[in-house]
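Undergrad: Spelled out, the chains give:
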Amino acid sequence: MNLKNLPAKKTMKLLALLLTSLLIASVSAFTYYSLTISSTITVYAANVYFIEGTDNNTGPGPVILTLDSTNTTATITGLVAYKNASLTYTNVTLVYNNGGSASQLRLAPYTDPSTNPEDFVYVKFLLNATTAGDRRWLNYTSDGSSWTSPGSATSWTTTGLGASAMWPVVIMTKANATATASQTVDIAITVDVQ
Amino acid sequence: MASALLPEFFALLGIDLFLMLSLLTCLLDDRMPKALPYIYQMAALAGFGHILVSKNFFTVFGDYMRFWYCFIYLLVSLANIVAVNVYFGVVNKQWTIAKFWSGAVTFPSILISIFFVANYGFLQGMSFPLFLQIALVLSAIIMGTSIAIFLSPEVLRNRSGRKRR
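From first to last, the protein sequence lines stand for chains A and B.
Its first residue numbered -12, the first sequence is counted upward by one per residue in the numbering used here.
Its first residue numbered 19, the second sequence is counted upward by one per residue in the numbering used here.
For the record, the hints were derived by calculation from the structure and aren't laboratory data.
Don't take every hint at face value.
Just the calculated beta-carbon pair ranges, DEER-fashion [claimed, not checked]:
hint	chain 1	residue 1	chain 2	residue 2	range
1	A	97	B	126	55 to 65 Å
2	A	21	B	53	25 to 35 Å
3	B	49	A	21	50 to 60 Å
4	B	82	A	120	43 to 53 Å
5	A	-3	B	158	34 to 44 Å
6	B	78	A	133	40 to 50 Å
7	A	179	B	78	45 to 55 Å
8	B	82	A	49	54 to 64 Å
9	A	143	B	129	54 to 64 Å
10	B	158	A	179	54 to 64 Å
11	B	134	A	3	21 to 31 Å
Given the structure is predicted, the values throughout are model-derived calculations rather than measurements.
For glycine and all other residues, C-beta sits at the position ideal for the given N, C-alpha and C.
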């Protein structure tokens, strides 16, 4: 078959089919490509993470802050609660925004306290935002027989943690006047970011 | 890291095969039904519909379902290639074109499809046992030579004639 000798009608038909084939093939390939993009998830470091505060390794405990390799989990040990007196840790750890824009934060309960309610009065967490309207509290209180935990997360901040800004997580403790020494309680909370 | 094939790749392959069929049957339209190129274009469009459905129901359909409806579409396109081959060889008795078709279209299309299906299975963590690989290569060789002999009866005739002499 010699393509040069094809009749004009057949050439036109072939050309039309070729054009529609190119169209279908390229649109299909583009749709497939968009499918591959939609199913690709890239691993990326978190922009908002914990950093060490000035209260770390100080106090009667002393307070020890341990950050994981990605700085997204902070474990604080050595916190103390005085009998019938409140104690405030203002700067054990801070939440830092390494991103280029503001992020909204909130506090949420993760593991509620369950032990020794007779020894404690409260343990409170405050996300100490620069703007008063963005401050969020998560309070765990005890009536001497059982703990009362926050049932849900706080509302999201409105102004948010700006780029390169940092907010301390303040922790307030108070033990019962009749508390037994060396009794402990474990609490876990999350700082949600959006 | 190599990116994994999505099941929709088989639909894409099937679309390309249908488009190729459409153009080739257009070139050979004096030996084929006139409507065939347009039917194959429609079939390719249906394949595009497959991919669109997958895109819109990406999270609803599981991998298993997406694989099977795309794979069946590819099988349909391969079946059409084989059917055209058989049409040339058996119905039209045009051995030369049938031979050309089996060597240039049928055989490569089937091998390419097998390659991608095996590759997909490998990326999905399926083992591809050695005996199956050997069986695949053997069956491909046997299929290729069988089609060539089937479509070139004179080869067999010459061979048997030589033996008789």
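Undergrad: Each hint needs a verdict: does it hold in this structure or not?
TA: Status of the hints after comparison with the structure:
1. A:97 - B:126: 55 to 65 Å: holds, 59 Å
2. A:21 - B:53: 25 to 35 Å: holds, 33 Å
3. B:49 - A:21: 50 to 60 Å: For residue 21 of chain A against residue 49 of chain B, whose Cβ atoms are near 39 Å apart, the range 50 to 60 Å is violated.
4. B:82 - A:120: 43 to 53 Å: holds, 50 Å
5. A:-3 - B:158: 34 to 44 Å: With Cβ atoms ~35 Å apart, the hint holds.
6. B:78 - A:133: 40 to 50 Å: Given a distance of about 45 Å, which is inside 40 to 50 Å, the answer is holds.
7. A:179 - B:78: 45 to 55 Å: With a Cβ separation near 28 Å, residue 179 of chain A and residue 78 of chain B fall outside 45 to 55 Å, so the hint is violated.
8. B:82 - A:49: 54 to 64 Å: holds, 56 Å
9. A:143 - B:129: 54 to 64 Å: holds, 57 Å
10. B:158 - A:179: 54 to 64 Å: Distance hint for residue 158 of chain B, residue 179 of chain A holds at roughly 56 Å.
11. B:134 - A:3: 21 to 31 Å: holds, 30 Å
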